[in-house]
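In our numbering, the protein residues as written are 1099 to 1269.
The set of hints was computed from the structure by calculation and includes no laboratory data.
Please note: incorrect hints may appear among the correct ones.
Straight-line C-alpha distance at most 20 Å; calculated DMTMM-like pairs for lysine to aspartate or glutamate [as the list claims (entries may be wrong)]:
1. K1125 - D1211
2. K1125 - D1112
3. K1125 - D1239
4. K1125 - D1209
5. K1125 - D1181
Remember, it's a predicted structure, so these values are computed and weren't measured experimentally.
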Amino acid sequence: MSPSGGPAPEAEHDAMWTAFEARFVFKPSTSMYPGIVEPSDSVTWHLAAVSGREDPMVDEIQAVIERALLACARPGEPLYWLDWNHQGYRFDPHRVARPGGPRWPGLAYPDGDYYLYLTSDLRLGTFGHPWEDSLCVFGSDLLAEVEDELTELLGTALRRGGRNIGNIWTF
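Working from the sequences, and respecting the hints, build out all of it.
Set out below in structure tokens:
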């Protein structure tokens, strides 16, 4: 793996998507939400506070997610960034996080497509839904790292453990 990682080989990329789709019952839709069965150790925030990719808040969200993934990734454990129907990436977060090092692939903010960060065992990650305009973070360790900061940035969560909290209707 190069310092930043690189495009995941097609078979590996497809295997990650297949595993994700099976475990989370991924059902892409522009009108049916949520797009996955959100695990019990998940929190989903609405991204209405973000006005688009150029909003500085996108970089703030990304910084929170990157710090948390770096804190939770085991030494030598690769992470994956997946972009629905596009090339995905495998990378070592401990290498891309170095000062002056390469940038992380992708974004957590779903800029027009489903974007995911995942560990290979799917124990933790993020799922950005472009049409619901939401970001789901799952895995208890990852949540412990991000929940307070993302709530401060994005406001009260939309769902916890896949259940509506009551502040926003989901259809």
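Verification of the supplied hints:
1. K1125 - D1211: 13 Å, holds
2. K1125 - D1112: 16 Å, holds
3. K1125 - D1239: Violated: K1125 and D1239 sit about 26 Å apart, past 20 Å.
4. K1125 - D1209: 18 Å, holds
5. K1125 - D1181: Cα-Cα ~15 Å, so holds.
When the structure is compared with the earlier hints, a violation turns up for hint 3 alone.
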